[in-house]
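Residue numbers (the working numbering), protein chains in the order written: chain A, 1 to 63; chain B, 1 to 254.
No lab work stands behind these hints, which were simulated from the structure alone.
Ideal Cβ placement from N, Cα and C applies to all residues, glycine included.
It cannot be assumed that every hint is accurate.
Covered, in the sense of this in silico footprint (three residues per stretch, anywhere, with C-beta under 8 Å from a C-beta of chain B), are these stretches of chain A [said to hold, decoys possible]:
hint, stretch
1, 14-20
2, 54-61
Stretch by stretch, here's where chain A covers chain B in the computed footprint (C-beta under 8 Å, at least three residues) [to be verified]:
hint, stretch
3, 149-156
4, 170-179
5, 240-251
If you want the building blocks of each chain, they are given just below.
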Amino acid sequence: MSQNNERALWSILAYLVTGLLVWGAIGYGIDKWVGKHHYGIIGGLVLGLGSSLYLAWLRFGRE
Amino acid sequence: MAQPGFVPPSSADFFFNPAVGSSILATKPVMLLLFSVILISAFFIVSARKAAVVPSRLQFAGEMVYGFVRDGISRDVIGEEFQRFVPLLFAIFTFILTNNLFGVIPLMQFPTMSHIGFPVSVTIFVYVVYHFVAIKKKGLGRYLKEMCFMPGVPKPVYVILAPVEFLTYFAVRPLTLAMRLFGNMFAGHLLLLLFTLGGQYMLKSALFVKFFSILSFGLAIGLSFFEMGIQCLQAYIFTLLAALYIAGALADEH
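Same shape as in the complex, but just chain A (with noise of 0.2 Å):
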């Protein structure tokens, strides 16, 4: 049981990172593109840091 948790707490940690990480630098990408408003940005932290989540709660907490 606690190397399940230890393995999901690892996994939850890079989860939160690679969320952000792909969708912020997509938003950003946006951003440049489009080249006027910070909203792509923005938009992309939010949909990252909720898509880490929702992987989070399906891989470890849906038992």
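Since chain A is already given, all that's left is putting chain B on it; use the hints.
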């Protein structure tokens, strides 16, 4: 007043001139690395050579380290198939632990792993192994499918989730594994350098300031012990995470 100010330690202090010739292979980190391999091999060969039912003190020490990696990390994390991975995890653990501890051993005092290249090369081994194990067991298609597409999610959501999952496995895991070890060793060594060099500088200053150098040297010694703890911990965490990744690759999910 031509006194030069205090020059704080920087990343330049991590680069050494080659001892002989101009090859990068003759620099201190590489030599420490070679020495660590000789040291580890010699220790475990000597401790296991006259293996007896009633172990000598040396044999006991060797078996304790081995037992810790085999039972404490490998078997607990990986489960049934742990036996195959014990040599790899054992090698990683002893290798990193020895090289980290070089950071506080007098006269050596340089953690090899504070050069990013060394953690990266160890990470490459782990990276190749856990992907290889998973692809061999499940096949490439099923591996990727299980990785990116978790069941029980409405289809359009996969567009958002799949890239996150994919990059977690292929980029973030190895990067964090290497960076965590590198960062800890680098920062720790820098901290020790700062207090030692600071003490030295104060010792050369005015009489009143000389007094404070005791504090700085004292902190450097105290932090050395603190560093020793971190060095053991980082070797453990690296091995534990390698085992966790292998376990994840072997697991039949869902």
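Going through the hints against the structure:
no. : hint    : verdict
1   : 14-20   : holds (count 5)
2   : 54-61   : holds (count 4)
3   : 149-156 : holds (count 3)
4   : 170-179 : holds (count 4)
5   : 240-251 : holds (count 5)
When the structure is compared with the earlier hints, no violation turns up for any of them.
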